[in-house]
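**Student:** One-letter residues, chain by chain:
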Amino acid sequence: MRLILTNCKVFGNEKADKVFIEDGKIANEFPEDKADRVIDLKGATVTPGLVDMHCHLREPGGEYKETIATGTASAAKGGYTSICPMPNTNPVADNAAVISGILKKAKEADNCRVYPIGAATKGIDGELISEMGLMKEAGIVAVSDDGHPIKNAGIMRKVLEYASDFDLPVLNHCEDKSLSEGAMNEGVVSTSIGIRGIPTAAEDIMIARDIILSEYLDIPVHICHVSTKGGVRMIRDAKARGVKVTCETCPHYFTLTDDMCATYDTNFKMHPPLRTKDHLEAIIEGIKDGTIDAIATDNAPHHADEKVCEFSVALNGILGFETAFALGYTYLVKTGEITLERLIDLMCYGPSNILKLGRGGMNIGDDADLAVFDLDHEFVFEKDKMLSKSRNTPYDGYKLYGETILTVMGGKITYEKLC
Amino acid sequence: MGLKSKDLLGMKQLTAYEIMEILDTAKTMKLVISSANKKTSHLQGKSVVTLFYENSTRTRLSFELASKYMGSASANISTSGSSVNKGESLLDTARTIDMMGTDIIIMRHNQSGAPHFIAPYLKASVVNAGDGMNEHPTQALLDMLTMYERFDTFEGKKIAICGDIYHSRVVRSNAIGLTKLGAQVSVYGPKTMMPVGIENMGVRIADSVADCVKDADAVMGLRVQLERQQKSLFPSIAEYAKFYAITPEMLALAKPDAFLMHPGPCNHGVELPTAVYDCDQSVINEQVTNGVAVRMAVLYLLMARRNNL
Chain A
1 MRLILTNCKV FGNEKADKVF IEDGKIANEF PEDKADRVID LKGATVTPGL VDMHCHLREP
61 GGEYKETIAT GTASAAKGGY TSICPMPNTN PVADNAAVIS GILKKAKEAD NCRVYPIGAA
121 TKGIDGELIS EMGLMKEAGI VAVSDDGHPI KNAGIMRKVL EYASDFDLPV LNHCEDKSLS
181 EGAMNEGVVS TSIGIRGIPT AAEDIMIARD IILSEYLDIP VHICHVSTKG GVRMIRDAKA
241 RGVKVTCETC PHYFTLTDDM CATYDTNFKM HPPLRTKDHL EAIIEGIKDG TIDAIATDNA
301 PHHADEKVCE FSVALNGILG FETAFALGYT YLVKTGEITL ERLIDLMCYG PSNILKLGRG
361 GMNIGDDADL AVFDLDHEFV FEKDKMLSKS RNTPYDGYKL YGETILTVMG GKITYEKLC
Chain B
420 MGLKSKDLLG MKQLTAYEIM EILDTAKTMK LVISSANKKT SHLQGKSVVT LFYENSTRTR
480 LSFELASKYM GSASANISTS GSSVNKGESL LDTARTIDMM GTDIIIMRHN QSGAPHFIAP
540 YLKASVVNAG DGMNEHPTQA LLDMLTMYER FDTFEGKKIA ICGDIYHSRV VRSNAIGLTK
600 LGAQVSVYGP KTMMPVGIEN MGVRIADSVA DCVKDADAVM GLRVQLERQQ KSLFPSIAEY
660 AKFYAITPEM LALAKPDAFL MHPGPCNHGV ELPTAVYDCD QSVINEQVTN GVAVRMAVLY
720 LLMARRNNL
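The listed protein sequences derive, respectively, from chains A and B.
When the first sequence is numbered by our numbering, its final residue is 419 and no position is left out of the sequence of numbers.
When the second sequence is numbered by our numbering, its final residue is 728 and no position is left out of the sequence of numbers.
One thing to keep in mind: the hints can contain errors.
[As the list claims (entries may be wrong)] Reference listing, derived: stretches of chain B covered by chain A, where coverage requires no fewer than 3 residues with Cβ under 8 Å from a Cβ of chain A:
| id | segment |
| --- | --- |
| 1 | 539-553 |
| 2 | 613-627 |
[Claimed, not checked] Simulated pairs of lysine to any residue, SDA-like, Cα-Cα distance not exceeding 20 Å:
| id | chain 1 | residue 1 | chain 2 | residue 2 |
| --- | --- | --- | --- | --- |
| 3 | B | 650 | A | 180 |
| 4 | A | 158 | A | 244 |
| 5 | A | 277 | B | 652 |
| 6 | A | 307 | B | 540 |
| 7 | B | 650 | A | 259 |
| 8 | A | 277 | B | 620 |
| 9 | B | 431 | A | 262 |
| 10 | A | 104 | A | 141 |
| 11 | A | 177 | B | 615 |
| 12 | A | 277 | B | 633 |
| 13 | A | 383 | A | 304 |
| 14 | B | 599 | A | 262 |
| 15 | A | 229 | B | 649 |
| 16 | A | 307 | B | 512 |
| 17 | A | 307 | B | 508 |
| 18 | A | 177 | B | 647 |
| 19 | B | 610 | A | 265 |
| 20 | B | 610 | B | 574 |
| 21 | A | 307 | B | 509 |
| 22 | B | 599 | A | 199 |
| 23 | B | 431 | A | 259 |
| 24 | A | 177 | B | 512 |
| 25 | B | 610 | A | 199 |
| 26 | A | 277 | B | 540 |
| 27 | B | 423 | A | 229 |
| 28 | B | 650 | A | 176 |
| 29 | A | 177 | B | 649 |
| 30 | A | 177 | B | 650 |
| 31 | B | 650 | A | 244 |
| 32 | A | 412 | A | 108 |
| 33 | A | 417 | A | 363 |
| 34 | B | 650 | A | 182 |
| 35 | B | 610 | A | 304 |
| 36 | B | 431 | A | 265 |
| 37 | A | 307 | B | 423 |
| 38 | A | 177 | B | 652 |
| 39 | B | 610 | A | 201 |
| 40 | B | 431 | A | 188 |
To be clear, the hints were calculated from the coordinates, so they are not data collected in a lab.
Note that beta-carbon positions come from the ideal geometry of N, C-alpha and C, so glycine has one too.
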């Protein structure tokens, strides 16, 4: 397959207006009549394919919410070419057999490079360390008990130590569950509408613990979906003194706040919960100054039956793949907070580096993993047009910039907007 | 005449004008309750269903009597005797009731926001009879009716509320309703039972029971749920009664003509000593009568709105 992308801007190369793709790689120029297809991008921007280091594909066990095929199609629509599903499936991805099954399904779908994250402890129970070595052989790139924070500090220490033997990053969802019985951020809004609150302290306490363990052991730790001012501050301070801590945030933490829960709309219910404006501003500050290394989606499909219900009963999380780049571009780049280069850093190179995936190459001979975004025209995001099986997004009807036009993974077109 | 909204979800959704309209109507309804022939035709030809997911004695009974005094057909569903226990979703249950031609569904639910969730899906009016820790609007309205019978205005009146503020939907509804009418609400309870940011609802957080009650025009005690002790929110009943109860000495700090309220049921000897419960200043039993009157007013005004459409 030979492909030419023409009439485009090329990220990182101001002079170029074409990209040549041959045998899955970015290639030297060749004549148009040798191409199988020439695509006129009408001035859109070609960037490296995005990397999502934190998502949920729900298969095995949750196929009524999402399958690996639909989830990866949804990711491709968001411009993603590499994604890392979390292990909280059923059965839990805590052994090589489940990991192999996920990779087999991903290969069949062939919409994205799928790099699974294995469970850090067996059954994500937080007690016994998992077979990290065997899972690494099967293809995992990191370990995590996402959603089930490892509450016992002694076990967290063993997870960090054992994972480091296999050079596997440890990603922790930081939340002290003894403080967080609630369903939304603790504050003025939770008090007003009578929903039990989750204090920022629940997140901060475990971030502090993980930084302390990482510093003491001199082993890297990665903090998932940071949502608090205190978390950003502690990670910034730790990095300044050389602690090997990295972190991610998600688009909802720099676009939404807890007052949006006031009508009990369950599409604003997530974990960690949406915080207040001062925390949102601290997240943006952390994105600007480099404290935050990555923007992940925490893409969390849920069936309507699990969201169209009482607020405290509803499951946590929202879809993220199909809105992440546009939210980042609209709320961070268009507003002048950061450059497009920094956004691509956060959504491609940052996560790729943390997980050592080697993605994002744009030179001749590199894998042709590319995304094309229309940065100039506003579009209305419509949930009914999503490729996910689920519809749990709070962004329906949002006017955004940065619509995906085309996604190419290993030279194959995985998403194409029908113009 | 009538309420603006199809539903009564909370005091948050009512205007000051609507609150006064309910209270004025309730005063008239009270005459019906005290008359020899307790029957009006306000709800004739209407059907009212109470759907209670939590236990209740006075709220449920007062809604039932209110609807019967006004001539409606009424029916009850409780969680033990319906398909709720078979795992039917709240929305399916509510739609089922709606499709039987029900005009008003009165619901109590242990989840905050449950009535807000179902109301947009239903033709029937939804009346919130208590949702989780959020609101209990008809309790606040009956409390306000009890005050309104003694005050000519709410403006500048001092209302003290003591007890488990965190878990109380009664406090939230009263705080919202009373501040909308210009009253000053003070709250006090153990810090383990004080929610973050309650001052943003327009109330003052007192330093002690004494500070809360001082110079108050009305004092309200709240039921302490004794099982909270198991959750380490207070160490013992004895300690709670000593430091957080409204004792005769505390009540004496309020204005001389102040009166004492309690939404019931009361734990005698915990939040209120029995002597206080039964004292001359106590209007607790009258609150119960007013509960029926205010619920008659609410049901009537919801249907009056519908007749106007």
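**Student:** Each of the hints needs a verdict: does it hold here or not?
**Tutor:** Hints, one by one, checked against the model:
Counting residues of the segment 539-553 of chain B whose C-beta sits closer than 8 Å to any C-beta of chain A gives 4, which meets the bar of three, so the coverage hint holds. With 6 residues bearing a CB less than 8 Å from a CB of chain A, the segment 613-627 of chain B meets the requirement of three and the coverage assertion stands. For the hint pairing residue 650 of chain B with residue 180 of chain A, the CA-to-CA distance comes to about 14 Å; that is within 20 Å, so the pair holds. Annotation: proposed proximity of residue 158 of chain A to residue 244 of chain A holds, straight-line Cα distance about 17 Å (limit 20 Å).
Between residue 277 of chain A and residue 652 of chain B the CA atoms are separated by roughly 30 Å; this puts the pair beyond 20 Å, and the hint is violated. In summary, the hint linking residue 307 of chain A to residue 540 of chain B is supported, as the alpha carbons are separated by about 15 Å, within the 20 Å threshold. Proposed proximity of residue 650 of chain B and residue 259 of chain A is contradicted: the alpha carbons are some 28 Å apart, above 20 Å. For the suggested pair residue 277 of chain A and residue 620 of chain B, the alpha carbons sit about 19 Å apart, so the restraint of at most 20 Å is met.
Restraint check for residue 431 of chain B and residue 262 of chain A: the C-alpha separation of about 11 Å stays at or below 20 Å, so the hint holds. For the suggested pair residue 104 of chain A and residue 141 of chain A, the alpha carbons sit about 16 Å apart, so the restraint of at most 20 Å is met. Taking the CA atoms of residue 177 of chain A and residue 615 of chain B, the gap is near 18 Å; set against the 20 Å cutoff, the hint holds. Our distance criterion of 20 Å between C-alpha atoms is broken by residue 277 of chain A and residue 633 of chain B, whose separation comes to about 37 Å.
For the suggested pair residue 383 of chain A and residue 304 of chain A, the alpha carbons sit about 13 Å apart, so the restraint of at most 20 Å is met. Distance hint between residue 599 of chain B and residue 262 of chain A is fulfilled; the C-alpha atoms sit about 19 Å from each other, no more than 20 Å. About 33 Å separates the Cα atoms of residue 229 of chain A and residue 649 of chain B, which puts this hinted pair outside 20 Å; it is violated. Taking the CA atoms of residue 307 of chain A and residue 512 of chain B, the gap is about 17 Å. The hint holds against a cut of 20 Å.
Straight-line distance between C-alpha atoms of residue 307 of chain A and residue 508 of chain B comes to about 12 Å, which keeps the hinted pair within the 20 Å bound. Taking the CA atoms of residue 177 of chain A and residue 647 of chain B, the gap is near 19 Å; set against the 20 Å cutoff, the hint holds. Taking the CA atoms of residue 610 of chain B and residue 265 of chain A, the gap is about 30 Å. The hint is violated against a cut of 20 Å. The hinted pair formed by residue 610 of chain B and residue 574 of chain B fails the criterion: a straight-line CA distance of about 29 Å is larger than 20 Å.
For a cut-off of 20 Å, the pair hint linking residue 307 of chain A to residue 509 of chain B stands: about 13 Å separates their Cα positions. At most 20 Å may separate the alpha-carbon atoms for a hinted pair to count; residue 599 of chain B and residue 199 of chain A exceed this at roughly 29 Å. The straight-line distance between the Cα atoms of residue 431 of chain B and residue 259 of chain A is roughly 15 Å, inside the 20 Å bound, and the hint therefore holds. Under the criterion of a C-alpha separation no larger than 20 Å, the hint pairing residue 177 of chain A with residue 512 of chain B is inconsistent with the structure, at around 33 Å.
Proposed proximity of residue 610 of chain B and residue 199 of chain A is supported: the alpha carbons are some 16 Å apart, at most 20 Å. For a cut-off of 20 Å, the pair hint linking residue 277 of chain A to residue 540 of chain B is broken: about 32 Å separates their Cα positions. In summary, the hint linking residue 423 of chain B to residue 229 of chain A is not supported, as the alpha carbons are separated by about 42 Å, beyond the 20 Å threshold. Our distance criterion of 20 Å between C-alpha atoms is met by residue 650 of chain B and residue 176 of chain A, whose separation comes to about 17 Å.
This hinted pair checks out: residue 177 of chain A and residue 649 of chain B have alpha carbons roughly 18 Å apart, not beyond 20 Å. In summary, the hint linking residue 177 of chain A to residue 650 of chain B is supported, as the alpha carbons are separated by about 15 Å, within the 20 Å threshold. Under the criterion of a C-alpha separation no larger than 20 Å, the hint pairing residue 650 of chain B with residue 244 of chain A is inconsistent with the structure, at around 39 Å. Restraint check: the Cα-Cα separation between residue 412 of chain A and residue 108 of chain A comes to about 14 Å, which is no more than 20 Å; the hinted pair holds.
Restraint check for residue 417 of chain A and residue 363 of chain A: not satisfied, since their Cα atoms lie roughly 25 Å apart, outside the 20 Å limit. Of the supplied pair hints, the one linking residue 650 of chain B and residue 182 of chain A holds, its CA atoms being roughly 15 Å apart against a limit of 20 Å. Of the supplied pair hints, the one linking residue 610 of chain B and residue 304 of chain A is violated, its CA atoms being roughly 38 Å apart against a limit of 20 Å. Annotation: proposed proximity of residue 431 of chain B to residue 265 of chain A holds, straight-line Cα distance about 17 Å (limit 20 Å).
With a C-alpha separation of about 29 Å, the suggested pair residue 307 of chain A and residue 423 of chain B falls outside the 20 Å cut-off, and the hint is violated. Under the criterion of a C-alpha separation no larger than 20 Å, the hint pairing residue 177 of chain A with residue 652 of chain B is consistent with the structure, at around 18 Å. For a cut-off of 20 Å, the pair hint linking residue 610 of chain B to residue 201 of chain A stands: about 17 Å separates their Cα positions. At most 20 Å may separate the alpha-carbon atoms for a hinted pair to count; residue 431 of chain B and residue 188 of chain A meet this at roughly 15 Å.
In the structure shown, a violation is registered for the earlier hints numbered 5, 7, 12, 15, 19, 20, 22, 24, 26, 27, 31, 33, 35 and 37, in ascending order.
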